[in-house]
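Protein chains: 2
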Amino acid sequence: MNSELRQDLVSGDWIVIAPSRAKRPDQFIKLHKIKRIKTPVKGCPFEDLQKSGHHPPILKFKNSHDWEAVVVENKYPAFTHINVCASPEKRGPYSVMEGIGHHNLVITRDHYKNFPKLSKQNADLVFKAFVDYYKILANDYCLAYVSIFHNWGLKAGASIYHPHYQIIALPIVPPDVEHSLEGSNNYYKKNKKCVHCVMLEWELKEKKRIVYENKSAVVLAPFVMREPFELRIFPKKHFSYFEDTPSAVMRDIVFALQKALQKMEKRLHDPDYNFFIHTSPLRDKNKYKHYHWHIEILPKFNISAGFEQGTGIEITTVDPDEAAKFLR
Amino acid sequence: MNSELRQDLVSGDWIVIAPSRAKRPDQFIKLHKIKRIKTPVKGCPFEDLQKSGHHPPILKFKNSHDWEAVVVENKYPAFTHINVCASPEKRGPYSVMEGIGHHNLVITRDHYKNFPKLSKQNADLVFKAFVDYYKILANDYCLAYVSIFHNWGLKAGASIYHPHYQIIALPIVPPDVEHSLEGSNNYYKKNKKCVHCVMLEWELKEKKRIVYENKSAVVLAPFVMREPFELRIFPKKHFSYFEDTPSAVMRDIVFALQKALQKMEKRLHDPDYNFFIHTSPLRDKNKYKHYHWHIEILPKFNISAGFEQGTGIEITTVDPDEAAKFLR
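Keeping their order, the protein sequence lines are chains A and B.
Residue numbers for the first sequence follow the UniProt record's numbering, so the first one is 1 and each next one is one higher.
Residue numbers for the second sequence follow the UniProt record's numbering, so the first one is 1 and each next one is one higher.
There may be inaccurate statements among the hints.
Pair ranges (Cβ atoms, derived) [stated by the list, open to error]:
1) B:E89 / A:N186: 51 to 59 Å
2) A:N185 / B:V131: 37 to 45 Å
3) A:P56 / B:I34: 53 to 61 Å
4) B:Q27 / A:G92: 22 to 30 Å
If you're looking for bench data, these hints aren't it; they were derived computationally from the structure.
Please read these numbers as outputs of a predicted model, since none were measured by experiment.
Note that CB positions come from ideal geometry on N, CA and C, so glycine has one too.
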């Protein structure tokens, strides 16, 4: 069988599914099995936050006792907050802007419990931390976008083992998000429908790439899969704004995310991965009603080589239908 | 010092230079020093091409004796050639296209001589192979774009040690190239100038990020550097089409590429890297006169984590000015 080019409905980008270069999922996994390095509790900078020189937590979340999740400032921030807004200035022909924004961490209590291992209650707390802090950031009129993500494992860029999540608030709407918003808007203008709703309707009818679903959420292997075993989690109903999602829906999404990661951990032998939230920008809240927020999980299997870097076309060697079947 | 957002002149994308998270170049390099795995000549599939089941070479290039470089079909192609053109068809709401195209390799004779170690004469031959085969591909009216690239090292996606280069011909213009062509065209319409020429003029005046130059070519660390120690090689004069570059200019470009890679090998301790050519599409040759073809080299240091994946914003922890000074 020949390879196939597939075009993303939102970004318009193309990827290649190349099954002739493919390994069957089980062989693929065997090739990529690497033992995770767990650093011990002793010496972990996220065990005693005060002792490791962190500022006092901005937000604390507890269940029965003590804290289960906190929001703290990142000690080595990529963006820092000062009392002015960033504005573009010229340097030669270029535009530059001071890196004004926020860079915070959500740290969970248990050194050994990553997101899929958290109790349902504590997993909900993590998302409560995301939403609560997101809403605080929304009041800062210097900010344009908040990116929430999780790095799991060295290959995914996590330099500290202890599970933690990052919230970066930016003075610009990031290029990839801008690109998706444009794609979603163009589709809406042309078809009077949300592009993600159309895609979900088709996927729920086809059933081939659905990995898990509950009342309000669905986990699927995208038809245009950039990375082997990539998964996406969508609210079934159309919500544009992460922060305004009803809490019953959010609980179903959190549970679906846990399920997706549990399946990955079990079937793919605990791979390194990133997950991140794609939502609408903070400002002009009426402008992005066409957009459908969601979560993307990208396990770290592919190496981005010269072709991917030079063209922006990812070559995926695992068929999305088989990936979903393998994970289900 | 705070971090700084910088906008690419061509793509409009933003990156972050975060010196507060940075290591000085020499410390940075110490951290990333890894010994290269050289597989032996015995068992190398590129030593005796016939014996390892390759089709006879499409093109052979020799200097004094035997071949020094050949163009051969990739045994495991991502794109395959049949006697029809690829055309988009619908699958559900998606567009798909058969992976019709070409996937070829340029293999050089010496198992241990990567591009920076080749004699000047043999390095020129590699680019002669690129140009000659490019011109053959240009006659196939099914094709839209030819991507030429090199993967060096496992981390850069090279599964075989023996130096080889890849030529992939595609039925579409790749999204990243399309994006750059648009940016270049928009700049031209607005300013009546080539965006790359403007940038080169500024860089040659500032001199801070120039790593090497000769009569026709310049090597620089881009002001908007996506990867630590990224380098770009430009013809000083404006040429839109790789394949139509005068051979004296091409020789200077090849020499500049060798210089750039020699400096990387020496100063950065032989890192893994990709290089690729960004040029204008095969068709509508009058449409892209605004574009300035060039070569980009991306060493493999960064890990693309949740932030980069979720936003498209790269965070670079080495200052481009310092990178250039360190390499010069």
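Going down the list of hints, with the structure as the test:
1. B:E89 / A:N186: 51 to 59 Å: violated, 21 Å
2. A:N185 / B:V131: 37 to 45 Å: holds, 42 Å
3. A:P56 / B:I34: 53 to 61 Å: The hint (53 to 61 Å, Cβ to Cβ) is violated, given that A:P56 and B:I34 are roughly 40 Å apart.
4. B:Q27 / A:G92: 22 to 30 Å: For A:G92 against B:Q27, whose Cβ atoms are near 29 Å apart, the range 22 to 30 Å holds.
The structure fails to meet hints 1, 3 from the earlier list, while all remaining hints are met.
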